Amino acid sequence: MNGQALHQYCDPGADIRRWIDKHIGSRALSSPLSLCATAAFTLKILAEGIPGCLVECGVFTGAHPAVMAHACDLAGEVRDVWLFDSFAGLPETGPEDHNPGTPPFEHGGFKCTLGGVLKNLAEWKIDAGALHFVEGWFSETIPSSRTGPIALLRIDADLHASTEVCAQHLYDRVVPNGFVIVDDWNYDGVREAVDAVVGAPHQLHKIPGGRHSYFWRKDNGGDT
Numbered sequence: 001m002n003g004q005a006l007h008q009y010c011d012p013g014a015d016i017r018r019w020i021d022k023h024i025g026s027r028a029l030s031s032p033l034s035l036c037a038t039a040a041f042t043l044k045i046l047a048e049g050i051p052g053c054l055v056e057c058g059v060f061t062g063a064h065p066a067v068m069a070h071a072c073d074l075a076g077e078v079r080d081v082w083l084f085d086s087f088a089g090l091p092e093t094g095p096e097d098h099n100p101g102t103p104p105f106e107h108g109g110f111k112c113t114l115g116g117v118l119k120n121l122a123e124w125k126i127d128a129g130a131l132h133f134v135e136g137w138f139s140e141t142i143p144s145s146r147t148g149p150i151a152l153l154r155i156d157a158d159l160h161a162s163t164e165v166c167a168q169h170l171y172d173r174v175v176p177n178g179f180v181i182v183d184d185w186n187y188d189g190v191r192e193a194v195d196a197v198v199g200a201p202h203q204l205h206k207i208p209g210g211r212h213s214y215f216w217r218k219d220n221g222g223d224t
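So the sequence shown is numbered by full-length UniProt numbering: it starts at 1 and just counts up by one.
Think of the hints as simulated: they come from the structure by calculation, not from any bench. Treat the numbers as computed from the prediction; the structure is a model and nothing was measured. Using N, Cα and C, we set each Cβ at its ideal position, and we do this for glycine too.
Below, simulated DSS-like cross-link-like pairs (lysine-lysine); rule was C-alpha separation at most 25 Å, straight line:
| no. | residue 1 | residue 2 |
| --- | --- | --- |
| 1 | K125 | K22 |
| 2 | K111 | K22 |
| 3 | K111 | K125 |
| 4 | K119 | K22 |
| 5 | K22 | K44 |
| 6 | K44 | K125 |
| 7 | K206 | K44 |
Now the in silico label distances, taken between C-beta atoms and shown as ranges:
| no. | residue 1 | residue 2 | range |
| --- | --- | --- | --- |
| 8 | S144 | D15 | 36 to 42 Å |
| 9 | A14 | A200 | 34 to 40 Å |
| 10 | L29 | E140 | 21 to 27 Å |
| 11 | M1 | H212 | 16 to 22 Å |
| 12 | E92 | Q4 | 40 to 46 Å |
| 13 | A47 | Q4 | 19 to 25 Å |
Between the sequences and the hints, there should be enough to build the whole structure, so can you do that?
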């Protein structure tokens, strides 16, 4: 896809763009265009009839799961949305998490409690009925999770070990033509974790205006 086609592909339409600007604003670390892409991919999943749930690994304030749920609501369809997070901030970094030019992550950084996320979702008028909150370190919760097939997997784990757990235990659950988003593709440790489990995606696309977020679609024989 060229630049213009990619922008169109990641655009959910004016109604959702306005909703994101009005309701979420600055309470997300992600850019508005990154949130728009999550909404656009959710709408494509629904329009194409791709089966499976929607998964966010690394929830922070809850902005991306809120966008997923809102897109489903607009489309008149219910999909389970899974939210994996410690709700206690980041775990300890490992030796693979040295990123030149980037300050080291602090243990407990990017913390938003489960109560804080629920408060945000209520303010954004998101019905939590289809949301599944899984609290705890990824290594302790994701391997035994029962998400079932996944249509959209978004990994925003920041760290090598956390990303590796997500890829090892969730990537095989992504259905053909499902979407995979990795938010921190600029971090060496994150890329290495994905490459070690998944291999290099054949068609990797940078989300326009998404800072360091990349996505691809999974097909029957690999990735597209």
